[in-house]
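A.B. asks: Chain by chain, the residues run as shown.
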Amino acid sequence: MGRYIIQRIVLTIPTIFAISIVSFVIIQLPPGDFLTAYITTLESGGQVVDQAQIDALRNQYGLGEPVHIQYLKWISRTLVGDFGYSFQWQRPVSELIGERMLMTIILSVASLLLVWAISLPIGIYSAVKQYSPGDYFFTFISFIGLGIPNFLLALVLMWWAYSYLGMSVGGLFSQQYADAPWSLARVLDLLAHLWIPAIVLAVGGIAGLIRIMRANLLDELPRLYVTTARAKGMKEGRLVLKYPVRVALNPFVSTIGWTLPGLVSGSIIVSVVLNLPTTGPMLLTALQSQDMYLAGAILLLLSVLTVIGTLISDILLAWLDPRIRFN
Amino acid sequence: MQNQTVPSDSPLLELRDLRTGFALREGYVKAVDGASFSVARGETIGVVGESGCGKSITARTILRIAGTNDSELGGEALFRRRTRDGRPGEVVDLLKLAPNGREIRSIRGAEIAMIFQEPMTAFSPVHTIGNQIIEAIQLHHPVSKDEARATAIDMLRRVEMSNAERRIDAYPHQLSGGMRQRAMIAMALVCRPQLLLADEPTTALDVTTQAQILALIRQLKAELGMSVMMITHDLGVVAETAQNVAVMYLGKVVEYADVRALFHDPKHPYTQALLASIPKLGREAGARLHPVKGMVPSPFNRPRGCPFNTRCPKAMPGVCDVDMPGPTTIKPGHTVSCFLYGAGDTRTEAAQ
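Those protein sequences? They're chains A and B, same order as listed.
First residue of the first sequence: 1, per full-length UniProt numbering; consecutive thereafter.
First residue of the second sequence: 1, per full-length UniProt numbering; consecutive thereafter.
Take these hints with a grain of salt, some might be off.
Quick list of in silico lysine to any residue cross-link-like pairs, SDA-like style, CA-CA up to 20 angstroms [as the list claims (entries may be wrong)]:
{"no.": "1", "chain 1": "B", "residue 1": "K145", "chain 2": "B", "residue 2": "C191"}
{"no.": "2", "chain 1": "A", "residue 1": "K235", "chain 2": "B", "residue 2": "V143"}
{"no.": "3", "chain 1": "A", "residue 1": "K129", "chain 2": "B", "residue 2": "A23"}
{"no.": "4", "chain 1": "A", "residue 1": "K129", "chain 2": "B", "residue 2": "A98"}
{"no.": "5", "chain 1": "A", "residue 1": "K235", "chain 2": "B", "residue 2": "C191"}
{"no.": "6", "chain 1": "A", "residue 1": "K235", "chain 2": "B", "residue 2": "E223"}
{"no.": "7", "chain 1": "A", "residue 1": "K242", "chain 2": "B", "residue 2": "K145"}
{"no.": "8", "chain 1": "A", "residue 1": "K73", "chain 2": "A", "residue 2": "V25"}
{"no.": "9", "chain 1": "A", "residue 1": "K242", "chain 2": "B", "residue 2": "L139"}
{"no.": "10", "chain 1": "A", "residue 1": "K235", "chain 2": "B", "residue 2": "P11"}
{"no.": "11", "chain 1": "A", "residue 1": "K242", "chain 2": "B", "residue 2": "T128"}
{"no.": "12", "chain 1": "A", "residue 1": "K129", "chain 2": "B", "residue 2": "L24"}
{"no.": "13", "chain 1": "A", "residue 1": "K129", "chain 2": "B", "residue 2": "F22"}
{"no.": "14", "chain 1": "A", "residue 1": "K235", "chain 2": "B", "residue 2": "I104"}
{"no.": "15", "chain 1": "A", "residue 1": "K242", "chain 2": "B", "residue 2": "H140"}
{"no.": "16", "chain 1": "A", "residue 1": "K242", "chain 2": "B", "residue 2": "P11"}
{"no.": "17", "chain 1": "B", "residue 1": "K96", "chain 2": "B", "residue 2": "P11"}
{"no.": "18", "chain 1": "A", "residue 1": "K242", "chain 2": "B", "residue 2": "H127"}
{"no.": "19", "chain 1": "A", "residue 1": "K242", "chain 2": "B", "residue 2": "A148"}
{"no.": "20", "chain 1": "A", "residue 1": "K129", "chain 2": "B", "residue 2": "G101"}
{"no.": "21", "chain 1": "B", "residue 1": "K96", "chain 2": "A", "residue 2": "E236"}
{"no.": "22", "chain 1": "A", "residue 1": "K129", "chain 2": "B", "residue 2": "S71"}
{"no.": "23", "chain 1": "A", "residue 1": "K235", "chain 2": "B", "residue 2": "T68"}
The hints are simulated quantities; they were obtained by calculation from the structure and are not laboratory data.
Model the full structure from these sequences, guided by the hints.
C.D. replies: Here's what the structure looks like:
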């Protein structure tokens, strides 16, 4: 087991390296660079920009150098925690995304927990009581959940919370706490705001995972080892939880890898609608204005999250399934 | 639930006209259609038949783990329970018990245990065999985990698993097929059941291992004084282990006899055909085997009358394809359901 974990961890290093190259290439792909976008903005504002000024800016930002030099400079600084400078915000990237990354992770973990806490029991119920009225009910509900675009759900929930609960639900904080330092009151304020985005982000996942859990468990329930356990005289409820659910969880665990980044990047539209201080909207504007260091840092962090998520799910899977652990 | 006063020399298990079936999308399947036989204390009974004749379902129905609806069950399965101090106790009709209720669960594993054909899939792949055997003990006995573990290791030794102290922590995929079946037998017998239902226990094993496992079952049966229902399609296994044999065809017991009578003086044309289909020593080289001709009819489209009449070389038109023959007693302990030996307790199709 220990060797397996070390092996996996070592394998992540070349993966992350490859990802960093790909993300850098991707942010370089659109024609032009931050300066062309910047100049366009200035010119549309009626200002005249002369060539000397452009060259000076180009030198200042190091945009004149070949791509691979730019990459090497960027990656070597990133390794020591310096993500570079955002052209657009005129602030260091690490300062910009620090809190947003934290918020993103809080929001993602909150909705992930919500997804699991709700979809696992319902999925198990639906499989054990297949074709019962309860199963049909949850099937109906989960198809609706899958069908509703989550930004629409966000709008509806915002309207409902505002007009019936009298809550202002945009953002993750009330106005007085938005820029305040961390305190107990700020955490409570965060929790009061967290539930709407968490629900919105969780609904699609819940609906999907109910279907997956139901299908997985339906595959396992007719297996012989379930009959064996029954023939031993086990109670039905304990039996289902100990044997088929345990086996049905394995494919579930392997989805953690892509659930983490899915929650992070899938939340862009919702974050824009709900005005959440997460990385999603920031990545969107960074890409639009070709703010390459900011966009690169966010892409890289999301990729690292994916790799870490996969690593976690691999280790969990090995822990859950001896057939993987011993082969 | 049903208690009856029965003399104490009554059989351990008595099936009376057992019926069960499944409602499938394609139609209703009568899996077992009136099976009657009994299992005496300490006896091994062989239940023989081709795939789909209802022999596995019969065993699973006895344990109530066949997955059928209560409404499909018919007949009786009278089982004599064991009292706490090991003496014969009250008789219960297993078919009348609540499907997953307390009483049937206290019988499963403790008094009637079952082993299966495929020991790989019969164990949970993600739990050690020790975990699964210890659980079987703790379900029925209030002992600590350490005591249960000691009992489990002892049982693994009795099924001749070498290195039992270490193998108890093995996962099923780490054991060979024969070892897995030994572990399966250990798990089934660890609570010393009165009756072992062995559903094709050697079919998935190679011939050498087969012989070892059969010898092991025979030996443990003698040691524990239990009865065994040996379900198999292999007449060799029956000859080696059973005292009495029930031959099943399409959910019916067509012949019941002691093993000697069955092999030397088979009465039912189906039994005769089965025996003719196995190779014998001393038969002329190059002689052809005689397979049972035709295919087992579709369970959705059972033939009218005797279920075997479509394949029977001795079928009498106008008789066999009209009525179902009832059991006729040839001599005590040998019954056959065939018109060649009289009509028996005939029930017409209309009367069913």
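A.B. asks: Next, verify each hint and record whether it holds.
C.D. replies: How the hints compare with the structure:
Between K145 of chain B and C191 of chain B, the direct Cα distance comes to roughly 15 angstroms. Compliance with the 20 angstroms bound is thereby established for this hinted pair. Taking the CA atoms of K235 of chain A and V143 of chain B, the gap is about 18 angstroms. The hint holds against a cut of 20 angstroms. With a C-alpha separation of about 18 angstroms, the suggested pair K129 of chain A and A23 of chain B falls inside the 20 angstroms cut-off, and the hint holds. Note on K129 of chain A and A98 of chain B: the hinted pairing holds, with a Cα-Cα distance of about 18 angstroms set against a maximum of 20 angstroms.
Proximity of K235 of chain A to C191 of chain B is assessed by CA-CA distance (about 17 angstroms); at most 20 angstroms being required, the pair is judged to hold. A distance of roughly 30 angstroms separates the Cα atoms of K235 of chain A and E223 of chain B; the hinted pair therefore is violated under the 20 angstroms criterion. A threshold of 20 angstroms between alpha carbons decides the hint, and for K242 of chain A with K145 of chain B the separation of about 17 angstroms falls inside it, so the pair holds. For the given pair, K73 of chain A sits about 14 angstroms from V25 of chain A by alpha-carbon distance, which is consistent with the 20 angstroms threshold.
Between the alpha carbons of K242 of chain A and L139 of chain B the distance comes to roughly 14 angstroms, so the proposed pair stays at or under 20 angstroms and holds. Our distance criterion of 20 angstroms between C-alpha atoms is broken by K235 of chain A and P11 of chain B, whose separation comes to about 29 angstroms. About 13 angstroms separates the Cα atoms of K242 of chain A and T128 of chain B, which keeps this hinted pair within 20 angstroms; it holds. Distance hint between K129 of chain A and L24 of chain B is fulfilled; the C-alpha atoms sit about 18 angstroms from each other, no more than 20 angstroms.
A C-alpha spacing of about 18 angstroms is found between K129 of chain A and F22 of chain B, which places the hinted pair at or below 20 angstroms, so the restraint holds. Between the alpha carbons of K235 of chain A and I104 of chain B the distance comes to roughly 11 angstroms, so the proposed pair stays at or under 20 angstroms and holds. For the suggested pair K242 of chain A and H140 of chain B, the alpha carbons sit about 17 angstroms apart, so the restraint of at most 20 angstroms is met. Between the alpha carbons of K242 of chain A and P11 of chain B the distance comes to roughly 36 angstroms, so the proposed pair goes past 20 angstroms and is violated.
Proximity of K96 of chain B to P11 of chain B is assessed by CA-CA distance (about 19 angstroms); at most 20 angstroms being required, the pair is judged to hold. For the hint pairing K242 of chain A with H127 of chain B, the CA-to-CA distance comes to about 9 angstroms; that is within 20 angstroms, so the pair holds. At most 20 angstroms may separate the alpha-carbon atoms for a hinted pair to count; K242 of chain A and A148 of chain B meet this at roughly 19 angstroms. Distance restraint check for K129 of chain A and G101 of chain B: the Cα-Cα separation of roughly 18 angstroms lies within the 20 angstroms cut-off, and the hinted pair is therefore satisfied.
Of the pairs offered as hints, the one joining K96 of chain B and E236 of chain A holds, with about 19 angstroms between alpha carbons and a cut-off of 20 angstroms not exceeded. Restraint check for K129 of chain A and S71 of chain B: the C-alpha separation of about 18 angstroms stays at or below 20 angstroms, so the hint holds. With a C-alpha separation of about 18 angstroms, the suggested pair K235 of chain A and T68 of chain B falls inside the 20 angstroms cut-off, and the hint holds.
Checked against the numbered hints given earlier, the structure breaks hints 6, 10, 16 and satisfies all the rest.
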